[in-house]
Amino acid sequence: MSDKTLVYIVDDEPLQLELLKDHLQKMSAYEVHGFPTGEECLAAAKVRKPSIVFLDYNLNSKVREAMDGIDVLKEIKEVYPETEVVMISGQDKIDVAVNTMKYGAFDYIVKGEGAFIRAEKTLYNIYRYNKLAGSANTYKRLMIFFGLGMILMVILVIVLQMKGLIKSSPGWV
Amino acid sequence: MESTGSLTDLTYLRSLTGGANDKIAKYIRMFLTGAPISLQQMELNTLSKDWEGVRQTAHALKPQLGFFGAKGAEELLREIERNASDHTELGMMQKKIEHFRQQYEIIRVELEKALQETGA
Numbered sequence: 001m002s003d004k005t006l007v008y009i010v011d012d013e014p015l016q017l018e019l020l021k022d023h024l025q026k027m028s029a030y031e032v033h034g035f036p037t038g039e040e041c042l043a044a045a046k047v048r049k050p051s052i053v054f055l056d057y058n059l060n061s062k063v064r065e066a067m068d069g070i071d072v073l074k075e076i077k078e079v080y081p082e083t084e085v086v087m088i089s090g091q092d093k094i095d096v097a098v099n100t101m102k103y104g105a106f107d108y109i110v111k112g113e114g115a116f117i118r119a120e121k122t123l124y125n126i127y128r129y130n131k132l133a134g135s136a137n138t139y140k141r142l143m144i145f146f147g148l149g150m151i152l153m154v155i156l157v158i159v160l161q162m163k164g165l166i167k168s169s170p171g172w173v
Numbered sequence: 001m002e003s004t005g006s007l008t009d010l011t012y013l014r015s016l017t018g019g020a021n022d023k024i025a026k027y028i029r030m031f032l033t034g035a036p037i038s039l040q041q042m043e044l045n046t047l048s049k050d051w052e053g054v055r056q057t058a059h060a061l062k063p064q065l066g067f068f069g070a071k072g073a074e075e076l077l078r079e080i081e082r083n084a085s086d087h088t089e090l091g092m093m094q095k096k097i098e099h100f101r102q103q104y105e106i107i108r109v110e111l112e113k114a115l116q117e118t119g120a
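So the sequence lines, in the order shown, correspond to chains E and Z.
If you're matching positions, the first sequence starts at 1 in the working numbering and goes up one per residue.
If you're matching positions, the second sequence starts at 1 in the working numbering and goes up one per residue.
FYI, nobody ran anything at the bench for these hints, they're computed from the structure.
Being a predicted model, the structure only gives us computed values, none of them experimental.
No residue lacks a Cβ here, since even glycine has one placed at the ideal position from N, Cα and C.
Be a bit skeptical, because a hint or two may be false.
Unchecked claim - Which residues of chain E face chain Z? A partial, calculated answer using Cβ under 8 Å:
#1 LEU15
#2 ASP22
#3 ASN58
#4 SER61
#5 GLY90
#6 LYS111
#7 GLY112
#8 GLU113
#9 GLY114
#10 PHE116
#11 GLU120
#12 THR122
What the hints assert, rightly or not - 25 Å max Cα-Cα, derived SDA-like pairs, lysine to any residue:
#13 Z:LYS23 <-> Z:GLN116
#14 E:LYS21 <-> Z:GLU98
#15 Z:LYS23 <-> E:LEU152
As the list claims (entries may be wrong) - Take a look, some chain Z residues computed to stay more than 12 Å from chain E by CB distance:
#16 SER6
#17 LEU13
#18 GLN103
#19 GLU112
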């Protein structure tokens, strides 16, 4: 098993999929796999859960019955809430972007020439976000530990006082 | 544009691939395989007045043309997508798709030439 971050790309346009896959594969920290449908991505996720998914918004341009991007996004966030999903679309409409964010997408990228650089930056942003979230969790745990320590100290003082081992006067002697 | 009158420009693709001819050739082949199918799909959808089908196909094909610097054809597809989505100028749809096919034929010839030049 590789220690690289597992990235899945889902796009029903083979050229778009290949271009993004080749581009992200240049970055050595990522193991990248591509899928033409959301169904195939979800099946693969059951075997190996991805850390990041680049997901096309319109996944039913070739097969009408195929799951569309929003459905796949909803399912990924429901089953694997810690997986970050980046939506990709040819539409630069704000309501489309807002809609994807509402369902938990990390970012929204508009297809086109700038999309590959944006995808690269988004990977870096996810890395930074996870690092910050990790630090925040560490501080949270430290605060809980410190708080519990203080409570234990107070309890100990009360017990010692009740047993007469320390006096309530200042100096405790 | 690389040369006057050319509908394509591979500058972006060359910069993206770092000038790797094998990759440029791979992408051109993929486009030349997929685009005629999409084009035929759009024509069939137009005949059956399946405007949602036209919109979806135009939408999916549009960014691919951008990679090959075919800005004019990309703009034409944007217009087709918008018309199919808003149900405007539907009477002109067949003509616009015909115009797109003419542009595609020129693009195909240019890309086939570029493919030969890659030697891959």
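Against the structure, the hints:
With its C-beta approaching chain Z no nearer than about 4 Å, LEU15 of chain E sits inside the 8 Å limit, and its interface hint holds. A cut of 8 Å between beta carbons decides the hint on ASP22 of chain E: the least distance to chain Z is about 6 Å, and the hint holds. The interface hint given for ASN58 of chain E is met, as the beta carbon of that residue sits about 6 Å from the closest beta carbon of chain Z, less than 8 Å. Using the Cβ-Cβ criterion of 8 Å, the hint placing SER61 of chain E at the interface with chain Z is satisfied: the shortest such distance is roughly 4 Å.
About 5 Å separates the beta-carbon of GLY90 of chain E from the nearest beta-carbon of chain Z, less than 8 Å, and the hint is met. Taking 8 Å as the C-beta contact cut-off toward chain Z, the hint placing LYS111 of chain E at the interface holds, the least distance being around 4 Å. Taking 8 Å as the C-beta contact cut-off toward chain Z, the hint placing GLY112 of chain E at the interface holds, the least distance being around 6 Å. For the restraint placing GLU113 of chain E at the interface with chain Z, the shortest Cβ-Cβ distance is roughly 6 Å, inside the 8 Å limit, so the hint holds.
Because the beta carbon of GLY114 of chain E sits about 10 Å from the nearest beta carbon in chain Z, more than 8 Å, this interface hint is broken. Proximity of PHE116 of chain E to chain Z holds as hinted, the smallest CB-CB distance being about 6 Å (cut-off 8 Å). For GLU120 of chain E, the shortest C-beta to C-beta distance to chain Z is roughly 11 Å, which exceeds 8 Å, and the interface hint is violated. Using the Cβ-Cβ criterion of 8 Å, the hint placing THR122 of chain E at the interface with chain Z is not satisfied: the shortest such distance is roughly 17 Å.
At most 25 Å may separate the alpha-carbon atoms for a hinted pair to count; LYS23 of chain Z and GLN116 of chain Z meet this at roughly 13 Å. The straight-line distance between the Cα atoms of LYS21 of chain E and GLU98 of chain Z is roughly 33 Å, outside the 25 Å bound, and the hint therefore fails. For a cut-off of 25 Å, the pair hint linking LYS23 of chain Z to LEU152 of chain E is broken: about 65 Å separates their Cα positions. No Cβ of chain E comes within 12 Å of the Cβ of SER6 of chain Z; the nearest lies about 18 Å off, and the non-interface call holds.
Residue-level check failed: LEU13 of chain Z sits 9 Å from the nearest beta carbon of chain E, not beyond 12 Å. Distance to chain E confirms GLN103 of chain Z as a non-interface residue, since its nearest Cβ pair spans about 18 Å, more than 12 Å. Its beta-carbon lying about 16 Å from the closest one in chain E, GLU112 of chain Z satisfies the requirement of being farther than 12 Å from that chain.
Consistency with the previously given hints fails for numbers 9, 11, 12, 14, 15 and 17, ordered from lowest to highest.
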